[in-house]
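S.K.: In order, the protein sequences belong to chains A and B. Numbering of the first sequence is given in our numbering, commencing with residue 2 and proceeding in unit increments. Numbering of the second sequence is given in our numbering, commencing with residue 610 and proceeding in unit increments.
To be clear, the hints were calculated from the coordinates, so they are not data collected in a lab. Careful, some of the hints might be misleading.
Unchecked claim - Derived, one-sided and incomplete: chain A residues facing chain B with beta-carbon distance under 10 Å:
1. F37
2. S47
3. G84
4. L101
None of the values given here were measured: they were computed from a predicted structure. Yeah, the Cβ is synthetic: ideal placement off N, Cα and C, and Gly gets one too.
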Amino acid sequence: KQEVTQIPAALSVPEGENLVLNCSFTDSAIYNLQWFRQDPGKGLTSLLLIQSSQREQTSGRLNASLDKSSGRSTLYIAASQPGDSATYLCAVKANQGGKLIFGQGTELSVKP
Amino acid sequence: DAGVIQSPRHEVTEMGQEVTLRCKPISGHNSLFWYRQTMMRGLELLIYFNNNVPIDDSGMPEDRFSAKMPNASFSTLKIQPSEPRDSAVYFCASSLAGTTEAFFGQGTRLTVV
Chain A
2 KQEVTQIPAA LSVPEGENLV LNCSFTDSAI YNLQWFRQDP GKGLTSLLLI
52 QSSQREQTSG RLNASLDKSS GRSTLYIAAS QPGDSATYLC AVKANQGGKL
102 IFGQGTELSV KP
Chain B
610 DAGVIQSPRH EVTEMGQEVT LRCKPISGHN SLFWYRQTMM RGLELLIYFN
660 NNVPIDDSGM PEDRFSAKMP NASFSTLKIQ PSEPRDSAVY FCASSLAGTT
710 EAFFGQGTRL TVV
């Protein structure tokens with residue numbers, strides 16, 4: 002059974018710092034991995050999608066990497082800003098059209 | 610596109626009442642997912658459909674929960690009878706199976722008193 006773990010559960014950093022959020026999964030047979038952002042009381046916003054054949058994806062200040070063999074993904078946020086404060090969730094999909102299995106999320110707070 | 614649209618945004622109901630949550634997926638998407646989010650358990654998949662057909666309903670808590678997708682542009686999640694432990698935020702998501710990126714609605718916050 003696939004399990005997804007995110008560490009740390011919460012993180013507080015001063016504005017301007019570069020930071021890394023971690024996601025690990027137990028079954029390396031994934032189709033893709035997706036990072037989401039969730040603001041309090043809101044839905045999930047897709048940030049980056051990495052297909053199983055890819056090693057990384059970049060969007061602006063965000064970079065996500067994937068190492069299937071070790072069951073790990075990282076989300077790197079450069080030059081963090083207070084507006085980055087949110088909960089970040091990673092999710093893996095086992096096959097095309099299949100369900101997403103989520104981690105518990107990392108709650109990020111960026112202090113001005 | 611307006612994205613995934615869920616209604617209502619908030620629902621407060623009394624224990625024992627029937628609750629129906631609605632979802633309109635992104636036009637052209639052929640996979641639809643219902644998730645439930647609680648503080649204790651995080652995001653849990655309840656059921657998902659491909660091409661309007663339920664594929665995996667193993668996450669549906671019990672017989673009180675049922676979901677339908679009568680056509681490609683509409684799905685419902687029904688709870689009958691509702692119980693206080695059903696209180697949660699229910700999310701609907703859709704994707705185009707080939708591209709696989711999933712898009713989520715804003716959720717329905719359900720409170721059963």
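S.K.: The structure should be examined with respect to each hint, and the outcome stated for every one.
M.R.: Structure-based check of each hint:
At a threshold of 10 Å, the smallest CB-CB gap from F37 (chain A) to chain B is about 8 Å, leaving the interface hint in force. Using the Cβ-Cβ criterion of 10 Å, the hint placing S47 (chain A) at the interface with chain B is satisfied: the shortest such distance is roughly 6 Å. Hint on G84 (chain A) is violated. Least Cβ distance to chain B is approximately 19 Å, over the 10 Å limit. With a cut of 10 Å, the hint placing L101 (chain A) at the interface with chain B holds, because the nearest CB-to-CB distance is about 6 Å.
The structure does not agree with numbered hint 3 stated previously, though it agrees with all others.
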